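Let the sequences and hints guide you as you build the complete structure.
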Amino acid sequence: MQKKWVPTPVEIAKKPDYILSGHRLCAGCAAPVVVKLTLKALPNPENTVLVNATGCLEVATTIFPYTAWRRPWIHNAFENAAATASGVEAAFKALKKKGVWKDEEPTIVVFGGDGGTYDIGLQSLSGAIERGHKFIYVLYDNEAYMNTGIQRSGSTPFAAATTTSPAGKVLPGKPEWKKPIGFIVAAHMNAYVATVNPFYWQDFVVKVRKAFEYDGPSFIHAISTCDRGWRFEPVLAMRISKLATDTCLHPLWEFDPETREYHITGQSLYLAKNPDKIVPVEEYLKLQGRFRHLFKPVRRDDLINAIQNRVMKEWKYLLKLAGLES
Amino acid sequence: MREEIVEQEERLLNGDEAVAWAAYHVEPDVVAAYPITPQTIIVERFSEFVADGLVRTEFVSVESEHSAMSACVGAAAAGGRAFTATAANGLQLMNEILYIASSLRLPIVMAIANRAVSGPINIHCDHTDAMNVRDAGWVMLFCEDAQEVYDTIIQAFKIAENPKVLLPVMVNFDGFLISHTAQKVKVFKDPSVVREKFLGGPRKPVKIKLMGKEVELSLNPKNPVPVTFGPLDLYDYYYEHKMQQLVAIQNAYDVVKEVHEEYAKLSGRRYGNGVIVPYKLDDAEIAVVAMGSAPGTMRYVIDEMREEGIKIGLLRVRLFRPFPYKDIIEALRNVKVVGVFDRAQNQGMMGGPLFLETRAALYELESRPEVVNYIFGLGGRDAPPEMFREAFDELVGIYRGTISPFIRKYIGVRE
Amino acid sequence: MSDKKPGWKEIPIAGVPFLSSLEYKTGDWRVFKPVIDDNKCIRCLLCNIYCPDMAIKVGWDETGNKALGVFVDYDYCKGCGICADICPVKAIEMVKEER
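Chains as they are written, first to last, in the numbering used here: chain V, 1 to 326; chain G, 1001 to 1415; chain Y, 2001 to 2099.
The set of hints was computed from the structure by calculation and includes no laboratory data. Keep in mind that this is a model prediction, so the values were computed, not measured. Possibly wrong hints are sitting among the right ones.
Simulated restraints on C-beta separations [to be verified]: (1) Y270/V with P1163/G: 52 to 60 angstroms; (2) E2010/Y with Q1250/G: 13 to 21 angstroms; (3) E2093/Y with K14/V: 24 to 32 angstroms; (4) E2010/Y with G149/V: 30 to 38 angstroms; (5) Y2074/Y with K1207/G: 31 to 39 angstroms; (6) R231/V with E2093/Y: 21 to 29 angstroms; (7) R231/V with K1222/G: 38 to 46 angstroms; (8) D2061/Y with D276/V: 38 to 46 angstroms; (9) W5/V with K1207/G: 34 to 42 angstroms.
Facing chain Y, from chain V, some residues (calculated, C-beta under 7 angstroms) [said to hold, decoys possible]: (10) P9; (11) A27; (12) P32; (13) F64; (14) P234; (15) A237.
Only some residues are given here: those of chain G computed to face chain V with a beta carbon under 8 angstroms [unchecked claim]: (16) S1064; (17) A1077; (18) A1078; (19) E1096; (20) I1100; (21) L1219; (22) N1220; (23) T1228; (24) F1229; (25) G1230; (26) D1233.
Even for Gly, the Cβ is constructed at its ideal location relative to N, Cα and C.
Take a look at the structure:
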């Protein structure tokens, strides 16, 4: 794509906020950081329409009569954010053809949580991507249904305790592995797909800018820590977010639909070149109450190792996709 | 306004094609639809209009009816005219979003080729699909033939977009019986009669006051204060928003009549007063009440009985939501026996939906007629004149006191 | 009713919110408050970038390109402490809120 953009903190901090203070997301929630970075990455955020699936972000930013959104915004339902975005995009296209809308068509940005994306909204998302609507779908992935009280989703990682996958005498939290949503979306072959981490904000905004520049649908998968659901002190949010990438649990990559190439980016590219710097998953797991049962009352090396092995297997798969390992 | 009939041309169209022609003449900004029998011809024909460049509409070929309605919500919130069509299970799949569309006050228009709801799966006509969504806050009209379907789809956009209404409108017509039956339909020769003259050009979203500024009620990024659609609305305001909606749907009653009259002046066609269509009711002692295409057959039977000197008439309900109870009370004030014919299931209910509301309306009268219910034609079961004749004779029997009144009967079903 | 909330005739239709969240102060959620030591601060602005509540404000010079300093908007700061945790020079201290 274009010449490499290296955003500076000044450049990002200077841009106005389009999600405002006074929202009622929990202290330390990463979702507003995901939103903020996404909108600051756009070259013309004034010409943007936002679509939000049902979820924490939607609820806590629009408790009537208040709204935290300084851009036109629509929440329709849980499972249909991508379909709603299709309609918004199509309407502006038609209004433009008819000469009713005279400017550039607005950028459509969708925010959906993991429930609305991996699970109930997957069909709507797949349909909208297949149809090739131009929108940027941002998944803020906090790995469970946090809005309803921490129930497991298709995104909840193996062994994580949630209120519907509790750690019991027989089951060690969620028995299934996380769904590889990024690859599923990339398999449509017409979407720009990228994983991002708000801690690695430069890599984040550069990818959103690429999504903006790509003439077609794009999908940004952001890990989004949840101190309530993951059970850690809010102060640790960004530290844990960083570890998600540093352990290769949430590696940073992108899929370019034009070349059909996978690229590993940012910190993950550094780790690909310096594998000794990969942090063991234990460092990430032990900070979070949802994995407490892996350490207490007895240490479950079997489970910790299973996670570590799986992460390395998936990391190797990604290295192969990106042509960094044969 | 002076009656100035505009030039029209006659085409052989079935009900679905009549919808497609109406949509062509309206030229919505977005049509988002998913195929389902017996609606599919609508989107097939409309796709041809798109493919031939006759409309600038964005046709969004969605992956489900749920997404069809969801895309319509997005399109209408963006300030566009949105249209879709469905039937039966497709309408049930949309159900959740129907309530959202009306609560967001989005003037979406939808055609329904009424079809029985699974299971067992069945593709033929009854009204159960529409009856299942009758409380979703949509204006609901029922048409008798393909001509009325063409006319009503066009009217629906104007009803929906009226600032006193701003609600979605559903135009119903019988699956197969109307959707797949060709008849001569008069359509306007020049689409601009519909687009410009009748609808006044592209949709203009209403203006509201927001944070001290006047803004367009849409997702327009140029609004001085951006609009947030679909917030979390708890116990402290939800009821107020519902109250606004309840008033709006009642407002639709007058608007349906006004738009019907305004349209009649261009087309020369009227359907009663726009909300009910009486037939030989003036001196009637016995009345039958029905919706959809069955009234066509019923009129034939009524004519036959009139020749025999029986004072029987028909009330066709064209507007089902808001329910035109005042018109119904007036129209049936002097009859002694009323038979209400529901082409819909009434699982566990006292009677069919049309019956229940008609009977409730007539409770207002000091001297109330006997009101009985017939359920007929489920899943496309044939509804021939002989069946109606038998039922009408029964009503005559009730009138004469030779037959005891009852609550409901299921006719045309084998024992 | 004791409260003075507007009625259905007074509020905009379609459920559109009519107040900005800026009118809703979340500062009283706070248990610990971040205190910035301006002498230690190197104006890296990371606290601004990571703040989930848009509660770390930047003072700019007249060119608008140079940060003169950062300060906390206590009307909204919920006291999550992310700013203190990510500050590369430990210029932010979390202090128990006294009310």
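> Honestly, which of those hints from before does the structure not fit?
Replying inline: none
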